[in-house]
Amino acid sequence: MDLKELPAELAHFVQQALASGTYQSADELVAAAVRVLRDREAGHKARQHTPDAPAYTDVLTSTPDDLVHAIRQALEAGEAGRARQLALEGAQRYPAHAELQQYARVLAPPTTRVVPAAPASRASVKANGAWLKAHRTAYRGRWIALRDGALVRAADSFEALVADLGDTTGLLLTKVV
Amino acid sequence: MSLFYADGSPFVMGSQTHVFYEPTPAEPKARLVLRVAIAGLTTQAMVDTGGLYLFCMPSVARALNLDAAQALGAQTILFRDERVRGTLYRLTLTLLAEEGEDVQIDSTAFVPDASYEGVPELPSILGLHGCLERVRFAFDPHTDTFYFGPASPPW
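Note that the protein sequences, when read in sequence, are chains Z and X. Residue numbers for the first sequence follow this note's numbering, beginning at 1 and rising by one. Residue numbers for the second sequence follow this note's numbering, beginning at 1001 and rising by one.
Treat the hints with care, as some may be off.
[As the list claims (entries may be wrong)] Which bits of chain X does chain Z cover? Going by a derived footprint, with three or more residues having C-beta under 8 Å, they are:
(1) 1035–1048
(2) 1073–1086
(3) 1103–1114
(4) 1139–1152
These aren't lab readings, by the way, just hints derived from the structure by calculation. Even glycine gets a Cβ: it sits at the ideal position worked out from N, Cα and C.
Could you build all of it, start to finish, from the sequences and the hints given here?
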């Protein structure tokens, strides 16, 4: 294969790939590239045949607005993993695009950390659990406020429950199920 | 904690009991319902390993006075095969321990629009994707105990 027949940018890429030693010849490299393109095209066509499936979006060739649109489509189609991937890759490609950065921040994988629990908090969690289990039937469907395993108030809505409670610190507020 | 690896390191960091809710005529599915804090507000939320994100009920979200500037509004997600409109946030969820330590999760949260309120007669929901996916958890039906800890151990 004569690399001079290729566009300069592509020829440079081929030369670099050959220099890395992964491929023995330009022919081998181009054959591998064609396989990748065929697979991608096949995947694209398969997606097109699926009703409601979002079209394939290539982060490298898409505009920021295309990516935002694709993220929203993925969310609507139930493809949460795809939405996250597009958001993270899009935010990396367009670091100045505020909306993509926001999607990446909100959809990023969760992070966890351990926080020491105070003895009083542990006791309250336990007492509230016992109360809820014991009174589930009697209060089903109602909103309740509990403090350390004791009922503070019950109401028919969350708004009614908290209307006159004032400071809700230390209270468990929940609908009984 | 009573769950350990063979080398003595803990599998989880905290636990709580009284979490298994038997099916009833009004609620025909068994549930694991946990006591949690959502952005500091203590409430209940049920585990849904087929679910998505922290699905926060609108009434609870209103009490949190969430910052709209940090939100992604007017989103539609597929929830239980139904398209639901609402707002996406990044919220701190705390699994509260009655033994051991609490675990905080910085998670994706979805708050449905007010029109969705009351459609599922349920508390908020802890989905796997975007919420529990980085949490180790286990349930012992014999003792009605839910164990939890971070997927990346702090020890």
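Given coverage of the region 1139–1152 of chain X by chain Z, tested with a Cβ cutoff of 8 Å and a minimum of 3 residues
Since 4 is at least three, the answer is holds.
For the region 1073–1086 of chain X, do three or more residues have a beta carbon lying closer than 8 Å to a beta carbon of chain Z?
holds (count 5)
Per-stretch coverage check for the region 1103–1114 of chain X, three Cβ contacts closer than 8 Å to chain Z
holds (count 6)
Per the coverage rule (Cβ-Cβ under 8 Å, at least three residues), is the region 1035–1048 of chain X covered by chain Z?
holds (count 6)
Violated hints: none; the structure is consistent with every hint.
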